[in-house]
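**Q** Turn these sequences into a full structure, and let the hints steer you where they fit.
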Amino acid sequence: MKEGEPASPLNQSIFCLMAYIMRLLFVCLFLFGVNSATAENAVWHWLADDFEVLMNTNGQISFAPYVNGGGPRNGFDPGYRSDFYAYVDFFKWKGLTSTWLIANSTLIERPDSTIFRLNRIRYTLTPGYRYEFDSWIISGLLLHECIHSIGKIDSSGSIWWNSFRFGFGSKGAYPQFLVERYRDLKRPGAPLARILDKWDYQVNAGVFLHGKQSVWLAQNNDYRYEEFGLLRYHLGRWGHWGSYADVNQNLWWRANNVMERRWSVTANLLLMGRDNIAGLYYTYVFFDNNIVDNEDKLGSLGFKIVF
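In terms of the working numbering, the sequence shown is residues 108 to 414.
Derived from the structure by calculation, the hints contain no laboratory data.
Glycine included, every Cβ here is placed at the ideal spot set by N, Cα and C.
Incorrect hints may have been included.
Stated by the list, open to error - In silico DSSO-like cross-links for lysine-lysine, where the CA-CA straight-line distance does not exceed 27 angstroms: (1) Lys-278 - Lys-201; (2) Lys-305 - Lys-411; (3) Lys-199 - Lys-278; (4) Lys-305 - Lys-278; (5) Lys-411 - Lys-278.
To be verified - Label pairs and their calculated CB-CB ranges: (6) Asp-382 - Leu-358: 31 to 41 angstroms; (7) Gly-318 - Val-399: 13 to 23 angstroms; (8) Lys-201 - Ala-362: 32 to 42 angstroms; (9) Asn-396 - Leu-324: 18 to 28 angstroms; (10) Asn-148 - Leu-324: 41 to 51 angstroms; (11) Glu-334 - Trp-207: 16 to 26 angstroms; (12) Leu-161 - Ile-245: 12 to 22 angstroms; (13) Asn-148 - Ser-263: 50 to 60 angstroms; (14) Ala-374 - Trp-207: 45 to 55 angstroms.
**A** If you want it as structure tokens, here you go:
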């Protein structure tokens with residue numbers, strides 16, 4: 108945050124919560140007869156304890172051509188899709204981690220007139236927090252997403268929205284811990300082949316900010332709520348290779364009470380490196396009636412790096 112720039116609503120809420128906790132601690136210490144100097148030292152010691160600056164980065168880069176079901180839809184001739192996202196963890200305190208999500212998705216057309224043509228770019232900028240338990244986490248994000256049309260001029264401007272998103276799930280369903288799960292299988296003494304037969308999941312819900320159109324709310328969309336989930340099955344590991352499968356489900360509710368849905372499944376084959384993972388994947392979208400990114404009955408075969 109730059110000097111003079113107002114803090115985000117999520118950060119303001121965290122600061123207010125911390126101030127309330129400090130006041131509550133002072134009152135409790137006073138009631139139990141602790142003098143003010145001792146109380147102040149105890150509070151500052153409690154606040155500074157377990158504080159850690161992280162600056163860790165992890166995420167994924169992928170590129171995939173659409174290999175089946177490639178009929179034109181919504182003015183888009185399916186060609187290729189490129190996705191990138193990165194989580195940056197800034198600090199950790201009492202189990203609470205401050206993080207930032209930066210993401211970008213690019214849709215590329217493959218029309219008859221040329222080899223490829225950029226269609227649109229979707230970017231995401233998201234401050235957030237998560238709290239980690241032994242095997243699962245809870246998270247909260249202030250999400251900003253924007254979709255820019257490139258292949259054609261849109262007189263109404265770009266599509267974008269802001270939303271609050273909350274979720275929970277087991278650690279293996281989150282990109283921050285996926286590499287860690289498979290890296291543990293390569294530790295010295297581990298068997299070369301192992302059937303994992305493990306499940307991971309995450310469930311998330313979001314509320315879109317809406318009202319009179321402004322730079323703080325939304326433009327060119329009428330979404331109100333969303334819900335999405337992930338069910339992940341870890342099959343196993345064979346030498347440096349591993350495999351897992353994902354089932355993804357998304358729901359969106361619009362202002363006119365119309366619900367949009369998306370269901371997809373992804374099979375992944377991983378090659379485990381020393382620190383990161385490279386892999387091949389195939390994704391098939393069984394159903395999708397989303398008006399923004401419609402991939403109904405499309406299948407894509409791609410390559411990705413998880414870091």
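**Q** It remains to establish, for every hint, whether it holds in the given structure.
**A** Now the hints, each set against the structure:
| no. | hint | verdict |
| --- | --- | --- |
| 1 | Lys-278 - Lys-201 | holds (18 angstroms) |
| 2 | Lys-305 - Lys-411 | holds (22 angstroms) |
| 3 | Lys-199 - Lys-278 | holds (17 angstroms) |
| 4 | Lys-305 - Lys-278 | holds (12 angstroms) |
| 5 | Lys-411 - Lys-278 | holds (20 angstroms) |
| 6 | Asp-382 - Leu-358: 31 to 41 angstroms | holds (36 angstroms) |
| 7 | Gly-318 - Val-399: 13 to 23 angstroms | holds (20 angstroms) |
| 8 | Lys-201 - Ala-362: 32 to 42 angstroms | holds (39 angstroms) |
| 9 | Asn-396 - Leu-324: 18 to 28 angstroms | holds (25 angstroms) |
| 10 | Asn-148 - Leu-324: 41 to 51 angstroms | holds (45 angstroms) |
| 11 | Glu-334 - Trp-207: 16 to 26 angstroms | holds (23 angstroms) |
| 12 | Leu-161 - Ile-245: 12 to 22 angstroms | holds (18 angstroms) |
| 13 | Asn-148 - Ser-263: 50 to 60 angstroms | holds (59 angstroms) |
| 14 | Ala-374 - Trp-207: 45 to 55 angstroms | violated (30 angstroms) |
In this structure, the one hint that does not hold is number 14.
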